[in-house]
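K.L.:
As a plain string of letters, each chain reads:
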Amino acid sequence: MNDDPEQLDRHVDDLLHDRKPERTPLSDEDALRARQTAAMLRAAKPGAGLPSKEFLERMQGSIGGWVGEQSARPQPAARPSRRSLLLTGAAGIAAGVAAAVGVERLVPKPVEPGPTQALVEKGAWKPVKALADLPQGTPVAFRSGAIEGFLIRQGDEVKGLSAVCTHMGCILNFSKFRNQFECPCHGATFEITGRPTDQYDTPLPRLPLLQVRIERGQVEVYSV
Amino acid sequence: MREGKTSGAAVSRANLVSLPHADPPHGQDHLTWAYQTHVTAIYQYIYSRVGNRPDAEDLTAQVFMKAISGMRNDVSVPELRSWLYRVAQTTLADHWREYYAEGAGELDEDVTRPPAPRENPEAVHRVDALLATLPESYRRVLELRFLRGYSVRETAQELSLSEANVKVLQFRALNRAGRERGRMS
Numbered sequence: 001m002n003d004d005p006e007q008l009d010r011h012v013d014d015l016l017h018d019r020k021p022e023r024t025p026l027s028d029e030d031a032l033r034a035r036q037t038a039a040m041l042r043a044a045k046p047g048a049g050l051p052s053k054e055f056l057e058r059m060q061g062s063i064g065g066w067v068g069e070q071s072a073r074p075q076p077a078a079r080p081s082r083r084s085l086l087l088t089g090a091a092g093i094a095a096g097v098a099a100a101v102g103v104e105r106l107v108p109k110p111v112e113p114g115p116t117q118a119l120v121e122k123g124a125w126k127p128v129k130a131l132a133d134l135p136q137g138t139p140v141a142f143r144s145g146a147i148e149g150f151l152i153r154q155g156d157e158v159k160g161l162s163a164v165c166t167h168m169g170c171i172l173n174f175s176k177f178r179n180q181f182e183c184p185c186h187g188a189t190f191e192i193t194g195r196p197t198d199q200y201d202t203p204l205p206r207l208p209l210l211q212v213r214i215e216r217g218q219v220e221v222y223s224v
Numbered sequence: 001m002r003e004g005k006t007s008g009a010a011v012s013r014a015n016l017v018s019l020p021h022a023d024p025p026h027g028q029d030h031l032t033w034a035y036q037t038h039v040t041a042i043y044q045y046i047y048s049r050v051g052n053r054p055d056a057e058d059l060t061a062q063v064f065m066k067a068i069s070g071m072r073n074d075v076s077v078p079e080l081r082s083w084l085y086r087v088a089q090t091t092l093a094d095h096w097r098e099y100y101a102e103g104a105g106e107l108d109e110d111v112t113r114p115p116a117p118r119e120n121p122e123a124v125h126r127v128d129a130l131l132a133t134l135p136e137s138y139r140r141v142l143e144l145r146f147l148r149g150y151s152v153r154e155t156a157q158e159l160s161l162s163e164a165n166v167k168v169l170q171f172r173a174l175n176r177a178g179r180e181r182g183r184m185s
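Going down the list, the sequences are from chains A and B.
This note's numbering puts the first residue of the first sequence at 1, with every later residue one more than the last.
This note's numbering puts the first residue of the second sequence at 1, with every later residue one more than the last.
I should point out that these hints are in silico values taken from the structure, not numbers from a laboratory.
The reader is advised that the hints may include incorrect statements.
[Unchecked claim] Derived CB-CB ranges, DEER-like:
no., chain 1, residue 1, chain 2, residue 2, range
1, A, R216, B, M184, 28 to 36 Å
2, A, H17, B, A164, 39 to 47 Å
3, A, R10, B, R72, 20 to 28 Å
4, A, E157, B, R153, 18 to 26 Å
5, A, R178, B, D128, 16 to 24 Å
6, B, P54, A, R216, 50 to 58 Å
7, B, E154, A, R19, 12 to 20 Å
8, B, S137, A, S27, 39 to 47 Å
9, A, R216, B, P135, 36 to 44 Å
10, B, N73, A, S27, 41 to 49 Å
11, A, E29, B, E163, 23 to 31 Å
12, A, T193, B, G149, 33 to 41 Å
[Unchecked claim] Taking lysine-lysine and the BS3-like style, the derived pairs with C-alpha atoms no more than 30 Å apart in a straight line are:
no., chain 1, residue 1, chain 2, residue 2
13, A, K159, A, K126
14, A, K20, B, K66
15, B, K66, A, K53
Here the structure is a predicted model, which means the values were calculated and not measured.
The C-beta atom is built at its ideal place from N, Cα and C for all residues, glycine as well.
Hey, can you work out the whole structure from these sequences and the hints?
P.N.:
Right, here's the structure in full:
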């Protein structure tokens with residue numbers, strides 16, 4: 001069956017109302033790509049794409065059950081897969097970051113990251129922005145290798161803050177209007193200094209500072 | 001411009017999900033906790049590919065069920081994360097294949113490399129880049145329909161077109177954008 005505007009619009013309308021679209025046999029690759037593009041556009045709408053509280057709670061229960069069932073079974077022997085070998089470099093740094101910000105560590109050890117704690121041990125200085133491109137006092141997001149962060153220029157000094165929320169590891173946005181970092185996942189907020197603002201019964205760790213230097217007009221971040 | 005889109009104002013206090021544990025627990029509970037911390041990121045990842053809540057919820061649940069039953073218990077967190085994304089990618093490919101019967105085989109990303117856990121803001125960047133490749137009329141119709149959530153009728157009024165013309169314009173715009181996206185990836 002050939003794709004047509006009416007049929008595609010029914011699909012779009014389902015997405016816009018968060019309904020499961022009807023299953024329609026598609027004529028060609030273009031028809032499929034049009035729908036995948038529609039999904040991508042739909043997800044870019046403000047407020048779309050976040051799981052509901054009910055769903056998260058349901059998943060937390062289910063995961064507990066599935067892990068329990070799996071643990072009851074005999075375990076396959078641990079072996080390094082090609083994938084894990086390929087990932088060793090990135091994995092190491094990701095683990096380092098996760099441990100330092102207090103999320104996602106498998107060996108529990110309480111860490112209260114101080115503002116000077118180094119996130120990266122065996123990295124290199126990588127240029128991320130020109131100093132001249134940074135506005136005064138407004139955080140600018142960047143990504144370099146495994147590090148996502150914000151650069152904040154004060155005079156001719158630049159401070160780097162990790163952009164990973166210390167609640168559950170989502171990436172923070174900066175709101176100019178409210179002058180704070182905001183987590184798109186569960187709404188945690190941090191002051192521009194990286195200090196968490198209330199919200200949770202257990203206070204969140206602050207955002208770790210990144211190692212930043214300025215070399216010949218380029219802001220460099222120590223990263224992997 | 002962008003900060004309005006994902007502002008904290010949209011996320012009320014009532015939606016705050018309590019932290020599972022301030023200090024992660026040990027053993028099996030700890031593995032459970034490690035999986036739980038990835039639910040939101042995987043959901044967002046899937047949502048940006050399917051664009052609706054019921055499918056995103058079903059597929060997210062499938063991903064965790066498959067991932068947990070296929071993974072050893074002594075997995076490290078980076079392994080667990082990349083494994084989850086890999087399972088998510090194959091689950092999505094199966095979804096499109098099954099949903100539309102044919103032609104959906106290929107994976108549009110390198111499955112050996114897990115994407116960053118920043119799906120939503122990244123989706124916004126990708127959408128901006130994609131829209132920028134389109135002619136003005138195509139960009140307008142997609143912005144009104146998807147980013148502003150206008151109905152076909154409202155879009156028709158805004159653009160001074162008939163509703164049938166809006167649907168045709170939307171059809172051409174999505175097909176063109178789909179091809180551009182294929183070129184960009």
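K.L.:
Are the hints correct? Go through all of them and say.
P.N.:
Going through the hints against the structure:
no. : hint                           : in the structure
1   : R216/A with M184/B: 28 to 36 Å : holds (33 Å)
2   : H17/A with A164/B: 39 to 47 Å  : violated (21 Å)
3   : R10/A with R72/B: 20 to 28 Å   : violated (44 Å)
4   : E157/A with R153/B: 18 to 26 Å : violated (54 Å)
5   : R178/A with D128/B: 16 to 24 Å : holds (22 Å)
6   : P54/B with R216/A: 50 to 58 Å  : holds (54 Å)
7   : E154/B with R19/A: 12 to 20 Å  : holds (19 Å)
8   : S137/B with S27/A: 39 to 47 Å  : violated (25 Å)
9   : R216/A with P135/B: 36 to 44 Å : holds (42 Å)
10  : N73/B with S27/A: 41 to 49 Å   : holds (46 Å)
11  : E29/A with E163/B: 23 to 31 Å  : holds (28 Å)
12  : T193/A with G149/B: 33 to 41 Å : holds (36 Å)
13  : K159/A with K126/A             : holds (15 Å)
14  : K20/A with K66/B               : holds (22 Å)
15  : K66/B with K53/A               : holds (22 Å)
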